[in-house]
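For chain A, the structure is supplied; the task is to place chain B on it using the hints.
There are 2 protein chains.
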Amino acid sequence: MIKAAKALNIVLKHAKSLGTEKIPLSATLGRVLSENIYSDIAMPPFDRSAMDGFAVNSKDKSKAFEIIEDIPAGKVPKKMIKFGQCARIMTGAMLPKGTDKVIKVEDSEPATKSRGSSTFKEPKVLLSGSLKSNVSKAGEDIKKGQLILKKGTKLRPQEAAMLATVGKTKVKVLRQPRVAVISTGSELVEPNHKPKAGQIRNSNASMLLLQLKRQGIDGQYLGIARDNFVATRKLIQKGLKQADILLLSGGVSVGDYDFVREVLKSCGVKVHFNKVAIKPGKPTVFGTKGKKVVFGLPGNPVAVLVIFELFVVPALDKIVGRRTKDNFTPMKLLKDFKRRDTKREQYYPIKITRGNRDFQSQVPDTFAAPLVFHGSAHMQALTKADGIMQIKNGIKNVKKGAMVNVRPI
Amino acid sequence: MIKAAKALNIVLKHAKSLGTEKIPLSATLGRVLSENIYSDIAMPPFDRSAMDGFAVNSKDKSKAFEIIEDIPAGKVPKKMIKFGQCARIMTGAMLPKGTDKVIKVEDSEPATKSRGSSTFKEPKVLLSGSLKSNVSKAGEDIKKGQLILKKGTKLRPQEAAMLATVGKTKVKVLRQPRVAVISTGSELVEPNHKPKAGQIRNSNASMLLLQLKRQGIDGQYLGIARDNFVATRKLIQKGLKQADILLLSGGVSVGDYDFVREVLKSCGVKVHFNKVAIKPGKPTVFGTKGKKVVFGLPGNPVAVLVIFELFVVPALDKIVGRRTKDNFTPMKLLKDFKRRDTKREQYYPIKITRGNRDFQSQVPDTFAAPLVFHGSAHMQALTKADGIMQIKNGIKNVKKGAMVNVRPI
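Going down the list, the protein sequences come from chains A and B. Once you know that position 168 of the first sequence is 168 in UniProt numbering, the rest is easy, because the numbers rise by one and skip nothing. Once you know that position 239 of the second sequence is 239 in UniProt numbering, the rest is easy, because the numbers rise by one and skip nothing.
Be a bit skeptical, because a hint or two may be false.
In this list, chains with the same sequence are indistinguishable; a pair is considered to hold if it fits within one copy or across any two.
As the list claims (entries may be wrong) - With a cut-off of at most 25 Å between alpha-carbon atoms, the simulated DMTMM-like pairs for lysine to aspartate or glutamate come out as follows:
no., residue 1, residue 2
1, 13, 345
2, 291, 35
3, 194, 140
4, 170, 218
5, 332, 365
6, 154, 309
Read the hints as simulated data drawn from the structure, not as lab findings.
Pulled out of the complex, with its shape left as it was, chain A reads as follows (with noise of 0.2 Å):
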């Protein structure tokens, strides 16, 4: 049995990058580019005008001005504007030639109006306003051939317009793994079958690939291996044939645990460890074969949740490029948390409550609140849920108001 941190050690040590590809700008989000942006215009690509209103040049002192021209966005301006002219121009167009500032709409008025002429619309416009260019210079915000990504980063929202504005459609990005995931254990149905006696619903499954879709990744479900070597080594080498990582659920605790690593090495799969000292999810068990990255995950729900988010995920962040993040939060214990065995590393549900707001820091104090849990088959309990705490080993009691790391889950 080793300790859960150096299993993750372990974990991420055969985490290892699966190369790039190239994928279209619309499934860009979350993942991570492997290439260098450069910029293959400026931006903006021209000077341009920041609001509605009349381009002049600002060293002309007129009051009333001619306007010669109509700019909207889009559109080359064709004349040269001088002293007494001016022309109305759109938010985002291209200044024309001889003006340097643009005067608001609102800062202007219908030169017509006084002389009461009726054969031409404002040819001229008493304009007003302030010492504000409106003007966005050409190269401001990005020169021509500039980096305005690195390698690295990972793609969200405002990074894909940045992308669309320099021209980039396809994107280099580290690639993703393909997931697999298998079920075992001859007492599983699937959801939709009524269990007959001795049986029940195969959960697993269903819920490790929702939590591979919050990472971006959508599992491949294999189905349910029954407890028999021939069935099991199928289903694992289809998927260790067809995927990058391969979930398998059960068939790993002590009794058949020999069974599902003697098909995992009559696969090629190199097993680094076959129990952790972690509560729950002892029987966790981690092989590779080259790239390849297999988990076996206990058989109840609770511990593969737990096993799913402290191990699996990190791996995924790794072979995808992101950085991991240590996702736990400091918050208050509601309550003595009391424990028996203290030779493993606990994560227990709790329900996340805010106190009033503390005068000094302006941050309401958060609390953990302990929930009734029955054991790792309990999945009800992680229902009700908001986080998971994290006990560490050698610790037996945590008296209220101590401190505990909360994971939300």
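Same frame as chain A, now just chain B:
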């Protein structure tokens, strides 16, 4: 011009549930239940072994036990266990009649060893072990007919496990809106084109589609509407026909606002507001047509990102039944922040940095460092940002060390 809080209230008043739909279990992540779920079975469905070991009667004080049956998971035991007898049992398997306790494999020893018999392997075992029963009693987690998930529950992987356990493979949830995205502006070309003089690439659509994806929605992109009545009207009509929510970007500033408003009016859309005291994002238009909702977002990408997060996300949450979270986190400002115009509530890009651990609270101080920011077209600044900080209207200067509200982006 109305205040940001008032604008949000108007948006939420008009964002209404779109009824329910049945979806497969595999698609439930983040969705909200619109039915109560009752269990059709007890869990565990039978007295179940929590260990691999030997099932015995706890009153039986024998030392050596005859193994009269093997009970793997999924099998219904055939024999009655009497005193002096036991059954070899696996984790998850049904306890045989006459037993109420399981002795772990680790606490057993083959009785044959000492006798040197080679005909039968382990016909008897010597059992020791603790007082623990290692049995999960039928119905200890869930009773048959029990309400296990309430209408209104947000579905996570653990809820999917429960739905699978009770055989719910089709789940009734609040319907997700269909969202259409239209970019407006004659200066725009699609990202796969090289912009000519006066043009820029359309970046808002790519960004909005990823912002929608982050909310679990696959948006439909309808293209660029050139700045003319007929073309714009045609696309808006199409959007109103096929979507529940229409997101327009651009075409809503002073000069062209009337134009888009005229188009919306001619399509039967009622405009509820067209200017919000928010920076960036003043020229934001919000309208409805029956239950259909239209957001006329600004043209500048930073404003689009901000207004989507502040107004569109809460509307989506309300429609699909998720509780809208107040996503702001208080942090200390790292350096003085000054501004001239205090009429609008402002959102300014910042980088989050962490300080030393505060001894009292155990939580490290978190700082917001304002970034260099040229204004609402300066998308590059948002790729360097971790969040946007809120400066309420009326506030001119915020001193270094003061608390500010930050929303991660």
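Q. What hint numbers does the structure not satisfy?
A. none
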